[in-house]
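Hey, can you piece these two chains together into the complex? The hints should help.
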Amino acid sequence: EIVLTQSPGTLSLSPGDRATLSCRASETVSTSFFAWFQQTPGQPPRLLISGTSTRAAGVPDRFSGSGSGTDFTLTIRRLEPEDFAVYFCQQYFRPPHTFGPGTKVEFK
Amino acid sequence: QVQLVQSGAEVRRPGASVRVSCKPFGYSFPAYGVAWVRQAPGQGLEWMGWISPYSGHTDYAHSLQDRLTLTTDTPTNTAYMELRSLRSDDTALYYCARVLVTGTTPPDIWGQGTLVTVSS
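Chains as they are written, first to last, in our numbering: chain W, 1 to 108; chain E, 109 to 228.
Isolated chain E, as found in the complex (with noise of 0.2 Å):
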């Protein structure tokens, strides 16, 4: 079954950062990319970003750029989203999703989502 795994829930301080880990099962890791969505409470899709584990080819959205950093790890087949100095405004459900590796399709398969609260 094709599918995406992510890491669970993760709770940080306003400042600090976080990693979340996506892991996908049922297809070749470096035959596609993953984008990364978020979502805050009761709002819509916010497209952050997308790698292709293949070349390494990132794209960022604009409003995050200096503060997201996506990677991947071809040994271990999985991929990751860091973000750095949280902010509250960034508690969001984090999802993962597959795209095509020049990433010129929409995400096909999605992660279960995995929720980051930002307090103090």
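Just chain W, with the same shape it has in the complex (with noise of 0.2 Å):
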């Protein structure tokens, strides 16, 4: 199976910062098949990013993903108080479906 490493664990930073998280994958995805998730507490995960890069619908634009073949990026370009949260990276090339353990983005 495709295993994905995120890095780095805890991103801690203060509102208006750049964010840039990064997720690894133990073999080459698609680009079609990449996608990142944002999960605040008590909630189910988000939808944020699919194909890499194509933002889902409600998404602010500061948020923008990146990346080809086992290294992907993604950026939010001025943090806002509703950011800090746990992001997710999931391929979805090959089944099973994998995600990445994890970025948490906290209050510095």
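These are calculated hints, taken from the structure and not from any lab test. A couple of the hints might just be wrong.
A few chain W residues facing chain E, derived, Cβ under 7 Å [as the list claims (entries may be wrong)]:
#1 A35
#2 P44
#3 L47
#4 S50
#5 F88
#6 Q90
#7 Y92
#8 P95
#9 P96
#10 H97
#11 T98
#12 F99
#13 P101
#14 G102
The list that follows gives simulated cross-link-like pairs (lysine to aspartate or glutamate, DMTMM-like), each with its CA atoms no further than 25 Å apart [stated by the list, open to error]:
#15 K131/E <-> D198/E
#16 K104/W <-> D198/E
#17 K104/W <-> E154/E
#18 K108/W <-> D83/W
#19 K104/W <-> D197/E
#20 K104/W <-> D216/E
All values derive from a computational prediction rather than experimental measurement. Just so it is clear, CB atoms sit at the ideal spot from N, CA and C, and this is done for glycine as well.
Written out as structure tokens, the structure is:
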């Protein structure tokens, strides 16, 4: 199965900062089949980005995704208070459609 | 409003089985697949598998394929997740979520989650 590794495990930042989250796959994943999710406490995950860089409906444009091959990145241009959450990457290129372990973006 | 509504919390003894239901509202059930994802307390997301109500095709996580069965009932527009031979480390919040009928999209609509507690 494709194993996803996320870094860093925790990102300590302030509102207005830029956040850069990384996800590395154990083998090549087609860019068409890579996604990012946001999860806040007590809520189910929320789809942010699919196909590496396509924002889901209603997702602000401060969120952007990029990458190819085995390395993918989620960038949050200017953190808003509601962006402090846990972020997961997922590949749906080949079953099992594995998730990364998550990156927590916390207040500095 | 497009949503998935799951059945309520369950408590089971080790070795027992559990079945969780998931019913979609606001869209055509056969037109989309249903993925199942679980989250142990304080942990990350674990993809369990998915099913196409249209074809019956399933894929399962390697670690669960011997104990997990996903099914759908088209007349009642309901998806089911059954996990057998439960262990304490199966205690988790279980989510169903919508994917394309081909399984080639990430989950875009999620249920509210069903807490399954395995304890003696």
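Hints, verified against the model:
1. Contact between A35/W and chain E, as hinted, is supported at the beta carbon level, the nearest pair being about 4 Å apart and thus within 7 Å.
2. The restraint placing P44/W at the interface with chain E holds, with a minimum CB-CB distance near 4 Å, inside the 7 Å limit.
3. The beta carbon of L47/W is positioned within 7 Å of a beta carbon in chain E (closest approach about 5 Å), and the interface hint is therefore held.
4. Because the beta carbon of S50/W sits about 5 Å from the nearest beta carbon in chain E, less than 7 Å, this interface hint is met.
5. With a least beta-carbon distance of about 5 Å to chain E, the hint placing F88/W at the interface is held under the 7 Å criterion.
6. With a cut of 7 Å, the hint placing Q90/W at the interface with chain E holds, because the nearest CB-to-CB distance is about 6 Å.
7. The restraint placing Y92/W at the interface with chain E holds, with a minimum CB-CB distance near 5 Å, inside the 7 Å limit.
8. Interface hint at P95/W: satisfied, since its Cβ lies 4 Å from the closest Cβ of chain E, which is below the 7 Å cut-off.
9. The closest approach between the C-beta of P96/W and any C-beta of chain E is roughly 4 Å, which is under the 7 Å cut-off, so the hint is satisfied.
10. Interface restraint check for H97/W: the shortest CB-CB distance to chain E comes to about 5 Å, inside 7 Å, so the restraint holds.
11. For T98/W, the interface hint holds, the least distance from its beta-carbon to any beta-carbon of chain E being 6 Å, beneath 7 Å.
12. Checking F99/W against chain E by beta carbon gives a least distance of about 4 Å; that is within 7 Å, so the hint holds.
13. The closest approach between the C-beta of P101/W and any C-beta of chain E is roughly 5 Å, which is under the 7 Å cut-off, so the hint is satisfied.
14. Contact between G102/W and chain E, as hinted, is supported at the beta carbon level, the nearest pair being about 5 Å apart and thus within 7 Å.
15. Under the criterion of a C-alpha separation no larger than 25 Å, the hint pairing K131/E with D198/E is consistent with the structure, at around 22 Å.
16. Taking the CA atoms of K104/W and D198/E, the gap is near 24 Å; set against the 25 Å cutoff, the hint holds.
17. Under the criterion of a C-alpha separation no larger than 25 Å, the hint pairing K104/W with E154/E is consistent with the structure, at around 17 Å.
18. Distance hint between K108/W and D83/W is fulfilled; the C-alpha atoms sit about 13 Å from each other, no more than 25 Å.
19. Distance hint between K104/W and D197/E is fulfilled; the C-alpha atoms sit about 23 Å from each other, no more than 25 Å.
20. The straight-line distance between the Cα atoms of K104/W and D216/E is roughly 21 Å, inside the 25 Å bound, and the hint therefore holds.
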